[in-house]
Amino acid sequence: LPFPLSKVQGTHPDCSAILYFQKREVECLEIIRSESQAPAPPGTPRQEGCLTEWDGVSCWAAVPAGQSRAIACPDILHVFKKSKVLIQRNCTESGWSLPSPPYHSACELEALGSNNDTEAKANGSPRGAKGYFVTMKVLYTCGYSTSLAALFLAIGIFSCFRKLHCTRNSIHIHFFSSFILRGTAVFVKDTVLFSDDSVDHCTMSTVNCKAAIAFFQYSVLANFYWLLVEGLYLQTLLLLTFTSDRRYIWWYILIGWGVPMVTVAVWVVTRLQYDNHGCWDDYTSLYWWVIKAPILLAIFVNFLIFLNVTRMLAQKIRSPDISKNYKQQYMRLTKSTLLLIPLFGVHYVVFALFPEHVGVDARLYFELVLGSYQGFLVALLYCFLNGEVQAEVRRNWGKWQSSMESNVFNLATQDFTA
49 LPFPLSKVQG
59 THPDCSAILY
69 FQKREVECLE
79 IIRSESQAPA
89 PPGTPRQEGC
99 LTEWDGVSCW
109 AAVPAGQSRA
119 IACPDILHVF
129 KKSKVLIQRN
139 CTESGWSLPS
149 PPYHSACELE
159 ALGSNNDTEA
169 KANGSPRGAK
179 GYFVTMKVLY
189 TCGYSTSLAA
199 LFLAIGIFSC
209 FRKLHCTRNS
219 IHIHFFSSFI
229 LRGTAVFVKD
239 TVLFSDDSVD
249 HCTMSTVNCK
259 AAIAFFQYSV
269 LANFYWLLVE
279 GLYLQTLLLL
289 TFTSDRRYIW
299 WYILIGWGVP
309 MVTVAVWVVT
319 RLQYDNHGCW
329 DDYTSLYWWV
339 IKAPILLAIF
349 VNFLIFLNVT
359 RMLAQKIRSP
369 DISKNYKQQY
379 MRLTKSTLLL
389 IPLFGVHYVV
399 FALFPEHVGV
409 DARLYFELVL
419 GSYQGFLVAL
429 LYCFLNGEVQ
439 AEVRRNWGKW
449 QSSMESNVFN
459 LATQDFTA
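Whatever position you read off the sequence shown (first residue = 1), add 48 for the numbering used here.
What the hints contain is simulated information worked out from the structure, not anything from laboratory work. All C-beta atoms in this analysis are idealised placements derived from N, C-alpha and C, irrespective of residue type, glycine included. Among the clues, some could well be false.
[What the hints assert, rightly or not] Within a straight-line C-alpha distance of at most 20 Å, the following computed PhoX-like cross-link-like pairs (lysine-lysine) qualify:
| id | residue 1 | residue 2 |
| --- | --- | --- |
| 1 | Lys447 | Lys211 |
| 2 | Lys237 | Lys258 |
| 3 | Lys185 | Lys237 |
| 4 | Lys258 | Lys340 |
[Said to hold, decoys possible] Just the calculated beta-carbon pair ranges, DEER-fashion:
| id | residue 1 | residue 2 | range |
| --- | --- | --- | --- |
| 5 | Thr194 | Gln449 | 23 to 33 Å |
| 6 | Asn356 | Arg443 | 31 to 41 Å |
| 7 | Glu83 | Gly114 | 15 to 25 Å |
| 8 | Thr215 | Val349 | 18 to 28 Å |
| 9 | Lys71 | Lys340 | 19 to 29 Å |
| 10 | Lys211 | Thr284 | 21 to 31 Å |
| 11 | Asn256 | Val133 | 43 to 53 Å |
| 12 | Asp238 | Gln438 | 29 to 39 Å |
| 13 | Ala259 | Glu141 | 53 to 63 Å |
| 14 | Met309 | Asn356 | 25 to 35 Å |
| 15 | His325 | Asp103 | 23 to 33 Å |
| 16 | Ile66 | Trp298 | 41 to 51 Å |
Make a model of the complete structure from these sequences and hints.
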């Protein structure tokens, strides 16, 4: 069946070229079928020449022997640069001649990656492109696995020690959970979309793949909004020093989990009503802004919080009325959050300002490879390098060692007396 043009324009950049050529091939094969079924006029000798042909890239319309035909490069903006060079084929007695100049010479490719990788993609060899993505998948699989292990350990530490039970660490646990959700969503998405090589994910349009993409988008939104909650909590702590922070915990939960839920629900309904094709991973669609706009809003608000907290912190540190211990407490509370806000937001803002087909390799590296280690970095800053956590772990380790030594001594005493 022919693919509608809107599907070609609204698909993921990785798939648009494939669907473009599939559509052109279907159209060309339909022309060939109709020409073969059309009866020749009675009394008219059959004219020799070259029949309509699909060569894998372009459709060459039939011409009489001795004539030629010239066509332009395929019009796919993010694959081929615009070129005025025409590709020509002659109709000889033995059939169509080879394209002159060849496609790889006449149609200059966009520089999406290294020259070797681009040439591999252009020549139809999957080795360069497939090897690149396999390497990328191995890297981010290791990253997410490391992050998940670190995050589960951090949540276990915060949950096991009673002295670490407080609103601040509860927010950290929710933040860790959003990273666990994101790592899980990446593995689920890969399993649904790419586990079976015989399935073309560019034309896949199943409930499972749409649900996997929706789950992934929810995890990304939750990530950014729990980072926003970390910033809001820090600002609230600096502004309302003598106010109980427990009264705000449900508002934080509503922002961190509720806003992403509402956003994804609106996006799913919008896609079902107006753009229900493919697997919903087409970042060139206008409806993608239903997801992108709330993320940019969270980053913008976090940046304002970053500036305001920095200003308030400078004022409190310079104030002579605040003790040295209190200043150290402020520094300990702010250093991790102030590092994470620009670290997690800058690259997203930069890439959001450019079309999805620009800087694909850099985008993949930042969002997949470096992004996969963000959970490990969060666990490191908020838990493993936290002086309060280290002191509590050391204290309980010392108690456990003393208890073990006491048990061994008691057993030895019982054996001696017996």
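Hint-by-hint comparison with the structure:
At roughly 15 Å between alpha-carbon atoms, Lys447 and Lys211 fall within 20 Å of each other, so this suggested pair holds. For the given pair, Lys237 sits about 9 Å from Lys258 by alpha-carbon distance, which is consistent with the 20 Å threshold. Taking the CA atoms of Lys185 and Lys237, the gap is near 12 Å; set against the 20 Å cutoff, the hint holds. Of the supplied pair hints, the one linking Lys258 and Lys340 holds, its CA atoms being roughly 18 Å apart against a limit of 20 Å.
Distance hint check: the CB atoms of Thr194 and Gln449 are about 29 Å apart, consistent with the given range 23 to 33 Å. In this structure, Asn356 and Arg443 meet the distance hint of 31 to 41 Å, their C-beta atoms being roughly 36 Å apart. In this structure the supplied range 15 to 25 Å holds for Glu83 paired with Gly114, their Cβ-Cβ distance being about 19 Å. Distance hint for Thr215 and Val349: a CB-CB separation of about 20 Å, consistent with the stated range 18 to 28 Å.
A hinted range of 19 to 29 Å for the beta carbons of Lys71 and Lys340 is consistent with their spacing of about 28 Å. Between Lys211 and Thr284 the CB atoms are about 22 Å apart, so this pair conforms to the stated range of 21 to 31 Å. At roughly 44 Å, the beta-carbon separation of Asn256 and Val133 lies within the given 43 to 53 Å, and the hint holds. Judged by the Cβ atoms, the range 29 to 39 Å given for Asp238 and Gln438 holds: they are separated by roughly 36 Å.
In this structure, Ala259 and Glu141 meet the distance hint of 53 to 63 Å, their C-beta atoms being roughly 58 Å apart. For the pair Met309 and Asn356, the beta carbons lie near 28 Å from each other, so the given range of 25 to 35 Å is met. Judged by the Cβ atoms, the range 23 to 33 Å given for His325 and Asp103 holds: they are separated by roughly 28 Å. The hinted window of 41 to 51 Å between Ile66 and Trp298 holds, with their beta carbons roughly 48 Å apart.
Checked against the numbered hints given earlier, the structure satisfies every one of them.
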